[in-house]
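Protein chains: 6
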Amino acid sequence: MSERFTKGLETIKEYVTEEEATRMIESDALADTAPDLRKMIIEFAYGDVYSRPGLDAKSRALVVITTVVTQGEAPQTKTHIQRGLHAGLTQTEIVEALLQLVPYVGFPRVQNALTIAQQVFAEKNE
Amino acid sequence: MSERFTKGLETIKEYVTEEEATRMIESDALADTAPDLRKMIIEFAYGDVYSRPGLDAKSRALVVITTVVTQGEAPQTKTHIQRGLHAGLTQTEIVEALLQLVPYVGFPRVQNALTIAQQVFAEKNE
Amino acid sequence: MSERFTKGLETIKEYVTEEEATRMIESDALADTAPDLRKMIIEFAYGDVYSRPGLDAKSRALVVITTVVTQGEAPQTKTHIQRGLHAGLTQTEIVEALLQLVPYVGFPRVQNALTIAQQVFAEKNE
Amino acid sequence: MSERFTKGLETIKEYVTEEEATRMIESDALADTAPDLRKMIIEFAYGDVYSRPGLDAKSRALVVITTVVTQGEAPQTKTHIQRGLHAGLTQTEIVEALLQLVPYVGFPRVQNALTIAQQVFAEKNE
Amino acid sequence: MSERFTKGLETIKEYVTEEEATRMIESDALADTAPDLRKMIIEFAYGDVYSRPGLDAKSRALVVITTVVTQGEAPQTKTHIQRGLHAGLTQTEIVEALLQLVPYVGFPRVQNALTIAQQVFAEKNE
Amino acid sequence: MSERFTKGLETIKEYVTEEEATRMIESDALADTAPDLRKMIIEFAYGDVYSRPGLDAKSRALVVITTVVTQGEAPQTKTHIQRGLHAGLTQTEIVEALLQLVPYVGFPRVQNALTIAQQVFAEKNE
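Protein chains in written order, with UniProt numbering: chain A, 1 to 126; chain B, 1 to 126; chain C, 1 to 126; chain D, 1 to 126; chain E, 1 to 126; chain F, 1 to 126.
Simulated from the structure, these hints should not be mistaken for laboratory data. If you're wondering where the values come from, they're calculated on a predicted model, not measured in any experiment. Yeah, the Cβ is synthetic: ideal placement off N, Cα and C, and Gly gets one too. Heads up, a few of these hints could be off.
[What the hints assert, rightly or not] If you want the ones that stay clear, here's a sample from chain E, every Cβ over 10 Å from chain A, calculated:
1) 11
2) 18
3) 58
[What the hints assert, rightly or not] List time: in silico BS3-like cross-link candidates among lysine-lysine, alpha-carbon distance up to 25 Å:
4) 39/C to 39/B
5) 13/C to 58/C
6) 78/A to 58/A
7) 124/C to 78/C
8) 39/E to 124/E
9) 39/D to 7/E
10) 39/C to 7/B
11) 58/B to 78/A
12) 39/A to 39/F
13) 39/B to 58/B
14) 39/E to 7/D
15) 58/E to 78/E
16) 39/D to 78/D
17) 58/B to 58/A
18) 7/F to 7/A
19) 78/C to 13/C
20) 7/C to 39/B
21) 58/D to 58/C
22) 78/A to 39/A
23) 78/B to 13/F
24) 124/B to 13/B
25) 39/F to 58/E
26) 124/E to 39/D
27) 13/F to 58/F
28) 58/A to 78/B
29) 78/C to 124/E
30) 13/F to 78/D
31) 124/C to 78/A
32) 39/E to 58/E
33) 7/C to 7/B
34) 78/B to 39/D
35) 7/E to 7/D
36) 58/F to 78/E
37) 124/D to 13/D
38) 78/E to 78/A
Build out the structure end to end from the sequences listed, making use of the hints.
Structure (structure tokens):
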């Protein structure tokens, strides 16, 4: 494991549960086809970028939720709302961030994202 | 002036200088063609949305910068970096938010946005 | 109920059946998470925007179908084709509008939208 | 000249002035690099698609303005607002179509498009 | 059958199996609603564009895979990865093309596309 | 200089002239604001991704041109057409790749990209 990989794994723990972190290390859905993708995500996205100083984890999560919602990426919207909650964003802050997008992306993408957020909140509250 | 317009103007002052707020009320570049657009922006975007509780002004500015950069909207990137600084975001926080976007939108949009950010910072520091 | 909400509900009736209008008032899928979204849609989208003079309901429906297809938003494509039919667009006009998009967005988004349109037409003709 | 090219040129005259139609036939800015692009636009876009029955020229122009604004394509926004006016859309109808987009794409793209529309209207009214 | 339709069908055979080509001619999922769409795809996309000289079939397939992945179009990503394999792209070349997109579109769209690619490869290898 | 930086610089030389490579090392337009962006581009984009085996430099350049054109990124379209020519793509191959995009993104983005390509070709042929 490279130093960047180790740093990435450490950083990921601010955004996911222990269980999820273990799952990310031990299994990789794309292992057969593109094992290097997971490596790039951990080393580059988490090791090089998320780990930078100057912006706290909550704000980084907010930025990432915003960009995936703006792009209309449903699976990543779910993942990053989960990670945002883990990083310390409250449900209210996430809902408000999504409503704040209405004047900038319109209702459709926000409505789709709030539907996903509601599912994530319900699963968490169960 | 409707109550929502008044509330919008009040909210805008968290994001722009007094001078800019006055300019927004007294002159409107689209007055001849679509005078209601400015009214909608002040009443709906600022009066109804930005003014909501549950997320602070700095975080709202971060969300808005992120969405306009993700969409590749150059003029709005400039405007909302200026407003984010006024709302209390530091230059470092803005740069870090833009770098945080690299793993989610790629280098081109981030590079274009950082070029605009550098211009805004230089104008402010003059 | 604010005046804008009342105006919005009145305007919506040009685009949806009585049954659907009642459903929109009485139940809200996002009531737990973001009850204000529905309020914003009715007050702002329908009360302030759709209700404006100067463009007829059929043309407004055409504009909305076009933008959601261009953005690749599948659930909204279904909703707004249904509303366009209710507002008086013929099936032929909708199909022609989608084919008119081929030279501007390419085949994939048009093909996905026509597949949705065919389902909506079939449900309506049942 | 193929039959489709002739049909395309005939159809274009619903959207552009005589002068512009002549310019499109006699000069081609991309003649050196990709002369077939103009041929494709005239034969396919105008000859095959715009010329279809079932939707009038004004509605086709409305669809095209909407899609290029949604995509944020500035040069095409200018061109197709000019063509829409020639096809019979009024300035009011174009402004209303752009405002109708606010709840679906947000303020930035609409504001940029209205700025372009205002320039086109001013040039026409000179 | 027009000459362009014949040329289109011939060209398609570089990208699909005999079985798929027959299916494309004999059945059309959108036959009830928009029979001209299939005609346009075969005549224009394959007859006029794919059949052009100057770029080989493998490179054309690479361009098409790249654009549909960049646009986040899931059904077309599947279709065009299948066609790319038929045109002679190797599984490695397709995976590398998708990874090459990470610095330009970010991880989410690439991850979604690789998941689809893995399914296509698995079906093919069965 | 890290090993990845060195590898990135080496890889870049397949895509740019010696002069341009020197310029990239010695000057950095964003040095004041975000010096790490250039580092990320060289280390991650070129060192980790472009340098991978399994797809030749010409094909990688084709993928990158396609994605930036699909996204409508004008400055990057210019840069990557220049790099594609340096990597060995012919002017004809680039024009054909752009025309191949018409059925997938429509005429506007292709027309804008061909206008840029024509400028790049003219500068090179001077």
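We went through each hint and held it up to the structure:
Annotated as non-interface, residue 11/E keeps its C-beta farther than 10 Å from every C-beta of chain A; the closest such distance is 29 Å. The claim that residue 18/E lies off the interface holds: its Cβ sits roughly 27 Å from the closest Cβ of chain A, which is beyond the 10 Å cut-off. A cut-off of 10 Å between C-beta atoms confirms that residue 58/E is not in contact with chain A; the least separation is 20 Å. For the hint pairing residue 39/C with residue 39/B, the CA-to-CA distance comes to about 19 Å; that is within 25 Å, so the pair holds.
For the suggested pair residue 13/C and residue 58/C, the alpha carbons sit about 13 Å apart, so the restraint of at most 25 Å is met. Proposed proximity of residue 78/A and residue 58/A is supported: the alpha carbons are some 16 Å apart, at most 25 Å. Taken as a hint, the residue 124/C and residue 78/C pair is honoured in the structure, with Cα atoms around 12 Å apart against an allowance of 25 Å. Annotation: proposed proximity of residue 39/E to residue 124/E is violated, straight-line Cα distance about 28 Å (limit 25 Å).
At roughly 18 Å between alpha-carbon atoms, residue 39/D and residue 7/E fall within 25 Å of each other, so this suggested pair holds. Proposed proximity of residue 39/C and residue 7/B is supported: the alpha carbons are some 18 Å apart, at most 25 Å. A threshold of 25 Å between alpha carbons decides the hint, and for residue 58/B with residue 78/A the separation of about 24 Å falls inside it, so the pair holds. Straight-line distance between C-alpha atoms of residue 39/A and residue 39/F comes to about 19 Å, which keeps the hinted pair within the 25 Å bound.
At roughly 24 Å between alpha-carbon atoms, residue 39/B and residue 58/B fall within 25 Å of each other, so this suggested pair holds. Distance restraint check for residue 39/E and residue 7/D: the Cα-Cα separation of roughly 18 Å lies within the 25 Å cut-off, and the hinted pair is therefore satisfied. Distance hint between residue 58/E and residue 78/E is fulfilled; the C-alpha atoms sit about 16 Å from each other, no more than 25 Å. The hinted pair formed by residue 39/D and residue 78/D meets the criterion: a straight-line CA distance of about 21 Å does not exceed 25 Å.
Taking the CA atoms of residue 58/B and residue 58/A, the gap is near 12 Å; set against the 25 Å cutoff, the hint holds. Simply put, residue 7/F and residue 7/A have alpha-carbon atoms about 22 Å apart, close enough for the 25 Å limit, and the pair holds. The suggested pairing of residue 78/C with residue 13/C holds, with an alpha-carbon distance near 17 Å, which does not exceed 25 Å. Of the pairs offered as hints, the one joining residue 7/C and residue 39/B holds, with about 18 Å between alpha carbons and a cut-off of 25 Å not exceeded.
About 12 Å separates the Cα atoms of residue 58/D and residue 58/C, which keeps this hinted pair within 25 Å; it holds. As the CA atoms of residue 78/A and residue 39/A are separated by approximately 21 Å, the hinted pair is consistent with the 25 Å bound. Taken as a hint, the residue 78/B and residue 13/F pair is broken in the structure, with Cα atoms around 34 Å apart against an allowance of 25 Å. Only pairs whose Cα atoms come within 25 Å are accepted, and residue 124/B paired with residue 13/B is accepted, the gap being roughly 18 Å.
In summary, the hint linking residue 39/F to residue 58/E is not supported, as the alpha carbons are separated by about 33 Å, beyond the 25 Å threshold. Distance check on the hinted pair: residue 124/E and residue 39/D sit about 39 Å apart at the alpha-carbon level, beyond 25 Å; violated. Pair hint residue 13/F plus residue 58/F holds up; C-alpha atoms about 13 Å apart against a cutoff of 25 Å. Restraint check for residue 58/A and residue 78/B: satisfied, since their Cα atoms lie roughly 24 Å apart, inside the 25 Å limit.
Distance check on the hinted pair: residue 78/C and residue 124/E sit about 33 Å apart at the alpha-carbon level, beyond 25 Å; violated. Pair hint residue 13/F plus residue 78/D does not hold up; C-alpha atoms about 40 Å apart against a cutoff of 25 Å. For the hint linking residue 124/C to residue 78/A, the alpha-carbon distance of about 33 Å lies beyond 25 Å, and the restraint is violated. Of the pairs offered as hints, the one joining residue 39/E and residue 58/E holds, with about 24 Å between alpha carbons and a cut-off of 25 Å not exceeded.
Annotation: proposed proximity of residue 7/C to residue 7/B holds, straight-line Cα distance about 22 Å (limit 25 Å). For the suggested pair residue 78/B and residue 39/D, the alpha carbons sit about 39 Å apart, so the restraint of at most 25 Å is broken. Between residue 7/E and residue 7/D the alpha-carbon distance is near 22 Å, which keeps this suggested pair within the 25 Å criterion. At most 25 Å may separate the alpha-carbon atoms for a hinted pair to count; residue 58/F and residue 78/E meet this at roughly 24 Å.
Restraint check for residue 124/D and residue 13/D: satisfied, since their Cα atoms lie roughly 18 Å apart, inside the 25 Å limit. Between residue 78/E and residue 78/A the alpha-carbon distance is near 23 Å, which keeps this suggested pair within the 25 Å criterion.
When held up to the earlier numbered hints, the structure conflicts with 8, 23, 25, 26, 29, 30, 31, 34 and fits the remainder.
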